[in-house]
Amino acid sequence: MISLRNVSLAYPNGTRALDNVSLEIGKGEFVFLVGHSGTGKTSLLRLLYREMGPTAGDITVDGIRVDRLKHSRIPALRRHLGVVFQDYKLLADKTVWENVAFAMQVTGAHSRDVERQVPRALDLVGLAHKSRMYPGELSGGEQQRTAIARALVNNPKLLLCDEPTGNLDPTTTTEIMELLGRINIKGTTVVVATHNSAVVDRMRRRVVRMEDGRVVTDEERGYYYLGLGQDQILSG
Amino acid sequence: MDWGKTKFFLGEVVRNFTRNAAMQITAIGTVAVTIVLLGAFLFVRATLAGLGTDLLSQIEISVYTTNDATPKQVAALESALRADPRVASVEFIPKKQGLIEMKDRVKGEIDMSLLTENPLPDKLRVKVKAPETVPAVAASAQKMPGVANAVFGQDVVAKMLRLGSVLRGIGIGVIVVFVLVAGIIISNTIRLTVFARRREIAIMQLVGATNTYIRMPFICEGLLDGILGAAIALGLLALAKTTLWPRLLEALPGFSLANVRVDGTAMALELLLVGALVGAVASWISVGRYLRT
Chain A
18 MISLRNVSLA
28 YPNGTRALDN
38 VSLEIGKGEF
48 VFLVGHSGTG
58 KTSLLRLLYR
68 EMGPTAGDIT
78 VDGIRVDRLK
88 HSRIPALRRH
98 LGVVFQDYKL
108 LADKTVWENV
118 AFAMQVTGAH
128 SRDVERQVPR
138 ALDLVGLAHK
148 SRMYPGELSG
158 GEQQRTAIAR
168 ALVNNPKLLL
178 CDEPTGNLDP
188 TTTTEIMELL
198 GRINIKGTTV
208 VVATHNSAVV
218 DRMRRRVVRM
228 EDGRVVTDEE
238 RGYYYLGLGQ
248 DQILSG
Chain B
402 MDWGKTKFFL
412 GEVVRNFTRN
422 AAMQITAIGT
432 VAVTIVLLGA
442 FLFVRATLAG
452 LGTDLLSQIE
462 ISVYTTNDAT
472 PKQVAALESA
482 LRADPRVASV
492 EFIPKKQGLI
502 EMKDRVKGEI
512 DMSLLTENPL
522 PDKLRVKVKA
532 PETVPAVAAS
542 AQKMPGVANA
552 VFGQDVVAKM
562 LRLGSVLRGI
572 GIGVIVVFVL
582 VAGIIISNTI
592 RLTVFARRRE
602 IAIMQLVGAT
612 NTYIRMPFIC
622 EGLLDGILGA
632 AIALGLLALA
642 KTTLWPRLLE
652 ALPGFSLANV
662 RVDGTAMALE
672 LLLVGALVGA
682 VASWISVGRY
692 LRT
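Chains as they are written, first to last, in my numbering: chain A, 18 to 253; chain B, 402 to 694.
Calculated pairs, DSS-like style, for lysine-lysine (alpha carbon to alpha carbon, straight line, at most 25 Å):
1) B/K408 - A/K147
2) B/K544 - B/K530
3) B/K406 - A/K111
4) B/K530 - B/K560
5) B/K528 - B/K504
6) B/K406 - A/K147
7) A/K203 - A/K147
8) A/K87 - A/K174
9) A/K174 - A/K106
10) B/K544 - B/K496
11) B/K496 - B/K528
12) B/K508 - B/K496
13) B/K408 - A/K111
14) A/K106 - B/K406
15) B/K473 - B/K496
Computed spacing ranges between beta-carbons, pair by pair:
16) A/D110 - B/L581: 27 to 37 Å
17) A/D104 - B/V575: 44 to 54 Å
18) B/F596 - A/G204: 35 to 45 Å
Keep in mind the hints are simulated off the structure, nothing from the lab. Given the structure is predicted, the values throughout are model-derived calculations rather than measurements. Glycine is no exception: its CB is placed at the ideal position from the N, C-alpha and C atoms.
With these hints in hand, go ahead and build the complete structure from the sequences.
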């Protein structure tokens with residue numbers, strides 16, 4: 018699903034965000050990207066949905082050479098993946114239903130498909146009963162569910178999440194993560210950048226750890242902190 | 402036709418238009434003021450040009466025959482002039498009538514009774530279809546047999562023709578400046594509305610809307626600004642034409658505008674088109690700057 022080969026990224030001001038990163042993520046995987054702030058997690062995600070291009074290296078997402086993507090082809094790429102952010106990025110003057118439908122309407126979807134798929138996405142995130150409310154009337158968790166529904170409404174094969182629970186309390190965080198888990202079970206590849214150690218440790222999924230723009234470890238069923246697994250095995 | 406899709410799109414346009422009402426009013430007002438100035442200028446220019454053409458159309462060429470020209474020669478000359486496609490009419494003025502006309506013209510200034518005989522030759526009064534051809538027609542008449550002299554108000558014609566080309570030149574310059582100014586102001590106004598909607602644009606880009614699609618509502622907004630502004634301007638201009646213009650003419654005696662016709666409908670359509678185009682192009686440019694990130 019995702020393949021990065023020797024990818025480097027330097028910002029125009031000279032900051033080196035990614036340094037020779039290589040990473041393979043298969044179809045249907047659930048992957049945590051962990052590391053401190055400023056280690057390149059967000060930059061890596063931005064490269065995947067082509068918010069920017071790499072300075073060097075090859076990037077393939079769902080068979081598309083993203084690093085060589087022409088400007089005019091970017092919309093097509095983004096229709097095949099969903100992105101979720103810490104700040105939800107909802108439109109305050111649109112209802113939950115309208116926010117989710119927006120993603121289909123502005124890409125020229127037929128209204129018949131909008132009528133069919135929006136309720137389905139809202140059902141999946143458990144917000145069908147609040148579809149007429151405005152983001153300002155919702156809790157943080159509900160706003161994030163709305164954002165997830167919007168990201169999923171076009172049935173993407175890949176869901177990218179940048180600190181999806183950064184603004185949420187622990188209980189809501191658990192709910193959102195369980196939702197992402199369910200979405201993954203239905204076949205969507207999910208990549209979550211986070212520095213929430215509790216979430217990572219509870220889920221026991223693949224953990225890619227980043228430091229200073231490099232991938233330092235990549236564990237199949239990892240913990241947030243390096244070596245924690247072995248400690249537990251020893252103590253257990 | 403997918404009505405749900407159309408309804409959504411139009412809803413977005415109307416919503417954005419009404420949400421930034423204050424800014425839209427600024428843009429519409431700018432277009433209106435510009436088009437009023439432009440329209441007034443164009444109208445005055447067309448009137449002046451019409452006046453010039455009217456004066457020029459009254460210009461005639463006097464073709465004087467030689468004293469020894471036989472009536473047959475004069476008749477041949479007359480039909481030769483008539484055959485010229487540039488000529489509108491030819492009138493034969495025998496020397497007797499010429500003298501009467503002259504006496505009439507100089508009455509009280511020169512005592513013509515001292516003349517013992519008629520010194521005037523026969524004359525052909527030639528009118529042309531297009532004023533620009535006066536000098537050429539006069540020149541060709543001059544070369545015909547039996548012609549002593551072909552004269553017209555040389556300096557008047559030259560001045561009028563020059564006035565016409567100067568008016569055209571100034572016209573193009575002024576129009577360009579007006580349109581540029583309106584374009585820049587609309588472009589800035591739209592940029593403000595684009596800025597107010599940057600969040601929405603970012604989300605559209607995120608979910609895969611094409612740049613063309615993102616642009617469309619803004620283009621419609623600019624079009625609407627341009628058309629509404631031009632419509633208001635046309636209303637004001639029409640009002641000015643019926644109330645101010647006649648009084649202005651009264652205040653300027655000596656100008657006969659009875660024969661001057663300005664095609665108001667065509668001008669109104671042109672101004673509407675200018676307004677719409679300026680609005681659309683200006684917003685295209687200002688959104689384009691924002692999309693190129």
